[in-house]
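Asks: The residues making up each chain are set out below.
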Amino acid sequence: MNGRITTLNRLQRGIVPLVLLAVFALSPLVLKQYALILLTNTFMYIILAVSWSMFSGPTGYISLAPAAFFGAGVYTSAVLGFALPFPLIVITGGLASFCMAFLVGALTLRLRGIYFVMFTFGLVELLLNFVLWWEVTVTGTTGRVVPPLGNTTVFYFMLAILACLLLTAFRLKHSKYGFALQSIGQGEEAAAHTGIHVTALKMNTFALSAFFMGAAGVVMATRWTYIDPRIAFNPTLSFLPVLMAIFGGLGQLYGPIIGAAIFTYLEEFLITRFPYHYMLIFGITMVIAIRYLPDGLVGLVQKAWKQWSRRKHGAAQG
Amino acid sequence: MMVTILDIIIAGMLLGGIYALIAVGLSLQYGVARVLNIAHGEFIMLGAFITWTLYTAFGVNPLLSLALCGPTLFLIGYVLYIVLFSRLRVRAASPGAYEGNSMLACFGLLFIIQNLAILIWGADIKGYSFFAFPVDFAGARFAANRLITLGFAIVIGLVFYLFLARTRLGKAIRASAQEPEAAGLMGVNIDRVLALCFGLGALMAGLGGALISMSYKIQPTMGLEYTMIALIVIVLGGLGSIPGSFIGGFLLGLVGSIVTYVEPGLALVAYYVIFMMVLLLKPKGVLGK
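Residue numbers (our numbering), protein chains in the order written: chain A, 1 to 318; chain B, 1 to 289.
By construction, these hints were calculated from the structure, which means they are not laboratory data. Take these hints with a grain of salt, some might be off.
To be verified - Quick list of the computed label-pair ranges, beta carbon to beta carbon:
no.	chain 1	residue 1	chain 2	residue 2	range
1	A	143	B	68	42 to 48 Å
2	A	274	B	179	19 to 25 Å
3	B	178	A	185	25 to 31 Å
4	B	68	A	272	36 to 42 Å
5	B	261	A	103	30 to 36 Å
6	A	274	B	124	41 to 47 Å
7	A	271	B	126	45 to 51 Å
8	B	179	A	25	56 to 62 Å
9	A	99	B	280	55 to 61 Å
Yeah, the Cβ is synthetic: ideal placement off N, Cα and C, and Gly gets one too.
Generate the whole structure from the sequences, applying the supplied hints.
Replies: Have a look at this one:
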């Protein structure tokens, strides 16, 4: 009996994402260009937020390197643009970011707390300034042109990356590695003593999360068509995913998804309505979110749900 | 050749004085109040723009503005800590969670202050001429305002060092930095001391900004670069040490002036390379054990 229920649950769990995937896959047939672009942007931010929280959520290591990995993808796209078939470039960009993250991880993951944060942010600024210098003095250009792909193709590639990422993140979270990551976050020494290969696990997860950021960068570059170091390594792309993930809530996989979706829409809304006050309102939202919602939206909803069910339960007893 | 080397060294010292001053403020905010204030540069920018406005609109001597910028920014910092950070500190599950959350809140503050400044002053680069005549100094020529800047930076640093080392309040601050729990039990009002530290950090940023505006061009988006420089300096000199900040500042100023001499475009790259090397090899700073 019990076994049947769990199989049923599993089926139900599998059906919902499949239906969603099908809906999104068919949506270019119905949606207007503007909505399609907005949806692509949303997917990009969801990819950044979810892959960020895949590593930083359970371990508690706040990485400000997303812009570095994303930018590596963007530049892969610009450099290889005309040389390889596009799916190969996506994978190459992902692998470039993977390798970079692996290297960075090997160097830095023994740094704890704020030192890790500062290092990862320094990495973004270092790459930005170095590529800026390189482009001006060595290649003699400021920006590069990326072959455009068309909005629908970009959308499908982004959707495919997102689907792969969500599947990976879900599998990871519920595997023994997911639990191991969680225990690293709760106490690294203790985790090491229970036989977890702390460093290897951290490096691999960090690199895996960077793979998806890099792949997203490759795809996004083809939509922008013109890129330069300040667009590719824009530090805002490091802060936004972190903010989105924390705003949504790190406890659940859908927290960062909801956070990213809300923030992308908010960004779009604010930029069109208040172009001069957009960043100001954004900053205020950020401060308020951290001040009043330390567990994110998901945490808030869970708390409210708990309170509501307790009250209901209490009323039934009394 | 000798003159060029001397030129580079003195230019480095002049740059280093400013670097040291802005690093002392950040070091205090992070070392004691545990807030990694990414918006530190925005406080510097505020100080610079207040001084610029007072000078260009009312003809107030920038050195006089120092006396106004400091207290104004102290007040802003103090209130911010009471309203925002003390609440985050009390609610945080662990010191690590507090550091993360307070840093993210600072990112929010960065956007707020920077964009308010753009709304008030516009996004253009600004500057004014003050004591810009050249002075011969040890065989090299420099603008007088840079020498004034260096002199004030050293004096402010010294006064601040004495304040921490010699006064009762300074002792309370040092105690809170070492052992907040015990300091609280000994009758130190922790919340007020931490707010004071955050305010003093903002004050140093304001003074730094006022000095910067005398010899460099300013604009509302200048903050992050100075924040990063201050961060690099405190990592070089070791967290929470004022002499360390000065040594780190002069060291970085020297590196900056050498690299600028060889290849101007790479100065910032060199800063980040040094920053990352120090983080990896000696995370406690070049003086740390």
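Asks: Against the structure, test the hints numbered earlier, and report the numbers of the ones violated in rising order.
Replies: Structure breaks hints 2, 6, 7 and 9.
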